[in-house]
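**Student:** Sequence:
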Amino acid sequence: MKYTWCGCLILGASGAIAATPNHGGQSGYINMPSAVVEPDGTFGVGYSYDSPYGQLWVTSNILPFLQMTGRYVSITGIPGFTNVPGEYGSGYGRYKDKVVDAKLRLWQETTWLPSVAVGATDLFGTELFKGQYVVATKTFGATKNIEASLGYARKRPDGPFAGLRWTPAALPRWSVVAEYDTTNYQRDFRAAETAAGKRSKGPSMGLEYRWGWLAVQAARSRDQFSVNAFVSIPFGEREFIPKVFEPAYFVDDKNPPPRPTRDEWRNDAGYGADLVKALVKQDYKNIRVVQEGNTLALTLTNSRISNLGRAVGRAARTAVAFMPVGVSNLRITYTKLDQPIATYEFLDIPKLNDYFAGKIDRKAFLDVVLMRYPEKSDIIRDDQQTWLNEFLDRPAQAQSAVVATTPAARPVMAVEPAAASGAAAADVAATIPVPAVVKAANAVQNDGKLAVALGVDGDVVQVKSLDREANRFKIAPKVGFFFNDPSGAFRYSISALANYDQRLGDGLYLNSAASLQLLETVSGVKQPSNSDLPHVRSDVAKYMRGGRFSLSRIVLNKYDSPAERVYTRMSAGLYEDMFRGVGGQVLYLPKDSRWAADLAVDALQQRGYKGLFDSLDYKTVTAIGSLHYRLPHDITVTARAGRFLAKDSGVRVEFKRRFQSGIEVGAWYTHTNANDIATPGSVANPYQDRGIFLSVPLNSMLPMDTQSTAGFSISPWTRDGGQMVASPGDLYDMVERPRADMHSYDGLGNFAERADEQNLPAVNPPVRPFVSPWPAMRARLEQSSSAMPEPADWVKATALIGGVVVATALSDKPVDRFVKKHQYSSVLRNWDRVGKAMPFALVGAAGAAFAFGDDRMQNIGLISMQSVAAATGLAMVGKYAIGRARPGEERGPWSSVGDGYKRSDASFPSGHSTIAFAAVTPFAKEYDAPWLYGVAALGAAGRVAGRNHWVSDTVAGSILGYAVGSWLWSAQRDQDKSGLSINPGPKEVSVTWQTKY
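Quick note on the working numbering: the sequence shown kicks off at 766 and runs consecutively.
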């Protein structure tokens, strides 16, 4: 049960700018769209009803120019399955359909020109509401309070449409909306059975009211009334709730701890124990302290503070207060699960103190700070801490300094302690017999005692204990929702989830979880899955029916860092509700902070339905390799490939973007060789797993900092293809955010929490606008057009190519007869697979060269991808123009495509061959590597081996790809004259276009 503070959040946002979605969630009017794309990061959710359609929609501007919408549409008057009581599907209710829409803004409005956007509706699945449109929008008036749009659509809507919105200057919360709706409702799905059959095209008018993030619209068309209510949240905001309950950093003005000499520190472990206890009070865990000559070394982590630089800053401020006299250096290594993430070395303690006191600026301080990846020697192990452990539970010899609550006037800016109500609540909680009921930010003490907390970490209520070694016990409610099963469109599960995590040694952890079902309806799903794949996910209802109590997880994890920037994990036990096993993961982080790679391998057995230690017969081994790449604007793309849970092999691509608030929005798509024929999948077009997700860091929505997140995803819950086992502890997730913080600007973040530094980019990173790629692309196009061959050369080349293709066409029949005779040969079948995969591999290699290479390789990678795009376009023109039948149609080499086949999928020329040669040609020429043509030819021949193309098809495609690749390479290879330069640094990526005249 998450989002505790959301109610306060929405009501307190009266100054926010609301979105203007239509009934389908895209920016527009009533049913028609506009060219407006809301501000970057805007997220909206709402519900509209316009008979017969009820639509629950979610919209996100994942890029400044791209708006994506997901809708769950119900149609009144049509049963989803049947209206006959007792029959299968009778409890489902109205017909429902999932819809995905997209809008791309081509350019923004200028003084004279309108903004223009293109859009498409119902991109996947049943396509009941499929359509495309182009629309232009212009604002008028001194205050730009009049908006008008004119557009044209095909299918749904169909024809020219228009829209108008007027917002009176004196009543800025109100708007009058009008449109001409050009939707032909009579052509809608089973329109004769619904109110859609009685609707017609025509004008509509409505009235809108907006208050902060909330808005409602009521409208009247020619035939009926409609309503649309929604909330619009700006994910681009850094935080939504001031940090009024945030504990202050350590201060020692009133009761400074005594500072021992180095000899006293070594001889009396109590001094080190005092430092550890002061850090524990600030939510630091796994603290290890060692004095090494003139250096005080610490390794630690923080269970609450979300920013790496701020966590290290508070630890450094505390350490210098307890540091022995005569120690000149401080080294802090930040860890996660005992694994080193980042090391900060402070080489001048007086300057460190001066920086905390505001006597020197950031630039001067950076001269005495070294930030680096940790070395193995930076980690302080348990056996090095035995001298201190016996003192940690004793009373401190020096009175601890006050850790007060930050004044509400400025978040996280404590300069002196203040006795606020939050601190008082914390003090009282420590004296109440356990379990105590507390609400403050530091309500759950680090003493291992149970406490009942309200509104902490986003939970409505939780029972929790936590100690300095991060040993944790927690009970909290858990809610799950399941949609669209034929036996009932909406099902839910409410349970109590108990977690117990115990640190057993260096990098050795026991993680466990148990669940008690309190109320659920998922077990009512009785229809067995019709999936032909192993039921790795589709039998979820059987697990719900197995018993109210279940062991969700009992796993032993061993983490290690055998080398710098290399992390490993070994796991064994009950991974999740459905699988148990043994496995591991290895993660490599290059010094280049943009990318990372990992490999996870797990030997698994499916668990039994009782949810205890029983098991089923199904066993498998999964092996997933992943490449993570961070683009500018906090966009991360992850590509995974390998063997999935149902023993299917394939790839999974994930895209996510992190906004200023820390909220992440993303999606994934998986393509494997699994033949998932469950509806809407079919034998000809198996279903491929896909979904969207939302990750909300609760520190943006709570009055104190926290590392807790709330996750939400929408995906099919009874699919078996493309599924992965839940990781016992994903290594990339462990290092992703601290690593990003380390490489953000100077890597210090809000280190000193000084009021005069809150506008520094490193403290509050500014929003970086997206730079239009059009000037650079236009320059490249001009450069390429200037290198076009002369007309005479075109004529000669065309005649030569035509002769070669005609000559090879003589071999079409005999070669196809031979292939057909041996089509079941394992050699030809495997060759066919190579031919199918080759273009994807080569384009991926070009993309990798563009992303990871030096300046020269980046340029050739970009030329290669341009060649692929241009050659593919020309190949499509050839397919439409010639329309040659493929060998598999058995119509002969000189026939056109038959009924049921598309000209876009015609045989001549071979698209795979075109792409392969277009991709390799720039590299072959630039690096004098003619063997690359052999690689492309191997793939082209595979298309013939699979009877997908005639020989002449592949020859024509190969020549086309070679010609385009050669042309663009000749035009754009010389970076001395002109070119696009992409220069990645450890903390930024610069893109430069240069040219000489």
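Please keep in mind that the hints were generated in silico from the structure rather than gathered at the bench. Note that the coordinates shown come from a computational prediction; the quantities given were computed from them, not determined experimentally. Do not rely on the hints blindly, as some may be mistaken.
[Said to hold, decoys possible] Cut-off 30 Å, straight-line C-alpha distance, at most; resulting in silico cross-link-like pairs (DSSO-like, lysine-lysine):
{"#": "1", "residue 1": "1323", "residue 2": "863"}
{"#": "2", "residue 1": "920", "residue 2": "903"}
{"#": "3", "residue 1": "895", "residue 2": "1667"}
{"#": "4", "residue 1": "1101", "residue 2": "1243"}
{"#": "5", "residue 1": "966", "residue 2": "863"}
{"#": "6", "residue 1": "1239", "residue 2": "1008"}
{"#": "7", "residue 1": "1141", "residue 2": "1323"}
{"#": "8", "residue 1": "1141", "residue 2": "1356"}
{"#": "9", "residue 1": "1323", "residue 2": "1101"}
{"#": "10", "residue 1": "920", "residue 2": "1008"}
{"#": "11", "residue 1": "966", "residue 2": "1046"}
{"#": "12", "residue 1": "1008", "residue 2": "1101"}
{"#": "13", "residue 1": "1116", "residue 2": "1214"}
{"#": "14", "residue 1": "1214", "residue 2": "1008"}
{"#": "15", "residue 1": "1008", "residue 2": "966"}
{"#": "16", "residue 1": "1421", "residue 2": "1375"}
{"#": "17", "residue 1": "861", "residue 2": "1421"}
{"#": "18", "residue 1": "1243", "residue 2": "1421"}
{"#": "19", "residue 1": "903", "residue 2": "1101"}
[Unchecked claim] Here are the simulated distance ranges between beta carbons:
{"#": "20", "residue 1": "1458", "residue 2": "1275", "range": "23 to 31 Å"}
{"#": "21", "residue 1": "1606", "residue 2": "814", "range": "46 to 54 Å"}
{"#": "22", "residue 1": "904", "residue 2": "1246", "range": "33 to 41 Å"}
{"#": "23", "residue 1": "846", "residue 2": "873", "range": "40 to 48 Å"}
{"#": "24", "residue 1": "904", "residue 2": "1288", "range": "50 to 58 Å"}
Note that CB positions come from ideal geometry on N, CA and C, so glycine has one too.
**Student:** Failing hints, ascending?
**Tutor:** 1, 10, 11, 13, 15, 16 and 19
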